[in-house]
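**Student:** Dock chain R against the given chain Y, drawing on the hints supplied.
Residue strings, one per chain:
There are 2 protein chains.
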Amino acid sequence: MDTEKMGLAAKAAERILGVADTNTKNKALEAMAAALEANADKIISANEADLANGRTNGMKDSLLDRLRLTPERIAGMADGIRQVAALADPIGEIIEGSVRPNGIKIQRVRVPLGVVGIIFEARPNVTSDAAALCLKSGNACILRGGKEAIHSNMAIAGVLRQAAESAGLPADCIQLVSDTSRESANQMMRMSKYLDVLIPRGGAGLIRAVVDNSTVPVIETGVGNCHVFVDSTADIEMAANIIYNAKTSRPSVCNAIETILVHKDIAEKALPVIRERLDEKNVELRGCERTHAILGDSVIPATDEDYATEFLDYILACRVVDSLDDAIDHIAKYSTGHSECIVTSDYFSAEKFTSSVDSAAVYVNCSTRFTDGGEFGLGAEIGISTQKLHARGPMGIRQLTSSKFIIQGDGQIR
Amino acid sequence: MDTEKMGLAAKAAERILGVADTNTKNKALEAMAAALEANADKIISANEADLANGRTNGMKDSLLDRLRLTPERIAGMADGIRQVAALADPIGEIIEGSVRPNGIKIQRVRVPLGVVGIIFEARPNVTSDAAALCLKSGNACILRGGKEAIHSNMAIAGVLRQAAESAGLPADCIQLVSDTSRESANQMMRMSKYLDVLIPRGGAGLIRAVVDNSTVPVIETGVGNCHVFVDSTADIEMAANIIYNAKTSRPSVCNAIETILVHKDIAEKALPVIRERLDEKNVELRGCERTHAILGDSVIPATDEDYATEFLDYILACRVVDSLDDAIDHIAKYSTGHSECIVTSDYFSAEKFTSSVDSAAVYVNCSTRFTDGGEFGLGAEIGISTQKLHARGPMGIRQLTSSKFIIQGDGQIR
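In the order they appear, the protein sequences are chains Y and R.
Our numbering puts the first sequence at residues 1381 to 1794.
Our numbering puts the second sequence at residues 1381 to 1794.
The shape of chain Y in the complex, shown without the other chains (with noise of 0.2 Å):
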């Protein structure tokens, strides 16, 4: 991989990309998506290329559906793009402005952060998403996917960089890297000179390596061991129905939940009704030894480990605990800092939780399954950070900026 030719590329075209306007950046957008449904077949032939190496390597069944496209998925990733198209351009508004006594004018304007660096794995659309995204915020961007959708992935980046020149912006606008060893990971993660951001989108492993090795600034994103918390005063019909919705609707992802806890008066009476819902998708249940002493024998004894973990399956740890203030303390000491929700009808509960909880998103009576771009209505998301610096939960395009201030004067000086 050629850092230091990529990274220059990548900030040639920034600098005109970054000052593009609206219409020039929207009309590169539906020409992106014009031209993946025009090169489905392209795109597709590209795509059995990875597949038969999957075969080859013994990919899981399921593995391979995910990095399967069809010319409906790829209509979908057209439709992602133009729905990035319709939202609104963050560049160039004024955050904020003031007149300073000795009469200079401030403006603080949102700019693009320059160049994003990505680093994903498996999905195949999240090479058109991340440039989608990246584009319309002006942002040039160095993608890396993984491997196994590597055919994918240089088929689909070329049809969108091509496109993308159509409509008067430089291709490098969008570069995916093309080695996908190891090695070009870490290279990515040294371009300090060049990435002003690297994203990881991925499992824990990829996340942490990058977290522990770049010297770019990282956004963490996406590690989600999430807590429901029902209150003693909880409605039990509707703390069982945000549990099942939290952990069944899609135990992969990371806005599910991991760990229920219970108030030690409310648990004899909410935990079989819990109990029962959760059978319904045959839920593994890991319990403290009160939540055993009320369920019996098919709950599996939790370890400590058990807590700290991110299922991403049919599998939920449960500890009965004595009050709001042991929730929270578990909460401070397990969690990763994604979603927690506390189901409760207490007034001062729900204010001591979402005050005293310190995570990206913070949930009274209703699903962490919401933790989504879409669902706050951002548009399309980049990711969900989980760190603080920067940006914290779901990040749209206007998490991809960074201001600048622009100060006008007369000939004050200081």
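Hints may be right or wrong, so weigh each one.
Identical copies go unnamed one by one, so any copy, or any two together, can satisfy a pair.
Unchecked claim - Straight-line alpha carbon distances no greater than 16 Å define the calculated EDC-like cross-link-like pairs of lysine to aspartate or glutamate that follow:
(1) Lys1713 <-> Asp1684
(2) Lys1527 <-> Glu1417
(3) Lys1527 <-> Asp1615
(4) Lys1391 <-> Glu1563
(5) Lys1527 <-> Asp1401
(6) Lys1713 <-> Glu1384
(7) Lys1732 <-> Asp1401
(8) Lys1485 <-> Glu1731
(9) Lys1485 <-> Asp1752
No wet-lab data here; the hints were simulated from the structure.
Being a predicted model, the structure only gives us computed values, none of them experimental.
**Tutor:** Just chain R now, kept in the frame of chain Y:
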């Protein structure tokens, strides 16, 4: 340095400080200011130990002067803390909010970052400034100053901790690392489990080391290779005045300029005027061939390295450029992204310069020396960010915050 112990103590303190109300925080700040004044003798005698060490180690007079604490300087530090107390509390601000179609109510509220690490050099007043800014914004801090000021810093931190505690906040809101070895700085850079952000304050070497080695998210501050471009339509007196101010009013600071770029059409008239002003302070000019042709042999030939150097001294690089575009290209190549200025009478030049120059602060017709939290109306500043992630330009207490989403429902599931 026991990072585990300090980290846990900071986290525990932050959970209390982060939800403390404004009255409590202000009471603590008032107590801290009063305690500095009441303990001035103690602090000054600790400072004398540092001064004695400095003299033994052959420290320069100018550095000894920066290190020295007097009753007046301590009163100044106390006054600084009182000014922070007077700032509006950013915590709890509702930044935005909406009701989604399914009835869930989403608010984004401002919260502290959590635990802020600061590695700084030299001046002991940073200890009280940083502690006050962090406390007001609800952040616990771990401060590591230089070995030159360790006795002073320990005395100051001890006084501040006690005062915070007397006002009902945990002493561990403010922790100072007593170990000033290089190893302790390296350990802080690896405290990603406990630190939410690490801010280096000091020279370019320190900042580079932190950016390259930290696994904690970093905010890069303060390196300023700043430019003034004198456009062909500039008011020459204004240009000379701004250049004189931006170079000589305080050459050692990051918002001082290091290079001037002069449009070829005005160079012959402007350069002698600029030169005359700069001669008042014996500023050394390092210029290109065209500068030399106009100003003669007193101009030292500028190397490529000169254009990349933050002199922080009475030295100024100069280049005659063919056009506004060439000036923008020069800045894109050499600038550290801090502050740049155009002196012009032309509307389109001003617009193009402000939109195309990618720096934290872009000026039209006034001095770059205004890049400062106080001058921008943010109150005291923790530093000037030259990166694009999270904060850019002068950072006040608001830039020491993050946000979280609070979502209220009545049983909604997805």
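**Student:** With reference to the structure, classify each hint as holding or not holding.
**Tutor:** Here is what the structure says about each hint:
In this homomeric assembly, lysine 1713 and aspartate 1684 come within 16 Å of each other (Cα to Cα) only inside a single copy, at 11 Å, whereas the closest approach across copies is 53 Å. In this assembly of identical chains, lysine 1527 and glutamate 1417 lie within 16 Å of each other by CA distance neither inside one copy nor across copies; the values are 24 Å within and 64 Å between. Proximity of lysine 1527 and aspartate 1615 under a CA criterion of 16 Å is satisfied in neither setting, with 48 Å inside one chain copy and 59 Å between copies. Within a single copy, lysine 1391 and glutamate 1563 get their C-alpha atoms no closer than 22 Å, and across copies no closer than 36 Å, so neither meets the 16 Å cut-off.
Proximity of lysine 1527 and aspartate 1401 under a CA criterion of 16 Å is satisfied in neither setting, with 35 Å inside one chain copy and 51 Å between copies. In this homomeric assembly, lysine 1713 and glutamate 1384 come within 16 Å of each other (Cα to Cα) only across copies, at 15 Å, whereas the closest approach inside a single copy is 42 Å. For the identical chains of this complex, lysine 1732 and aspartate 1401 are inter-copy neighbours only, at 14 Å across copies versus 45 Å inside a copy, given an alpha-carbon limit of 16 Å. Taking identical chains as interchangeable, the C-alpha atoms of lysine 1485 and glutamate 1731 lie at most 16 Å apart only when they sit on different chains, with a minimum of 14 Å there against 41 Å within one chain.
Taking the shortest Cα distances, lysine 1485 and aspartate 1752 sit within 16 Å of each other only across copies (14 Å), while inside one copy they are farther apart (38 Å).
Hint compliance for this structure: hints 2, 3, 4 and 5 are not met, and every other hint is.
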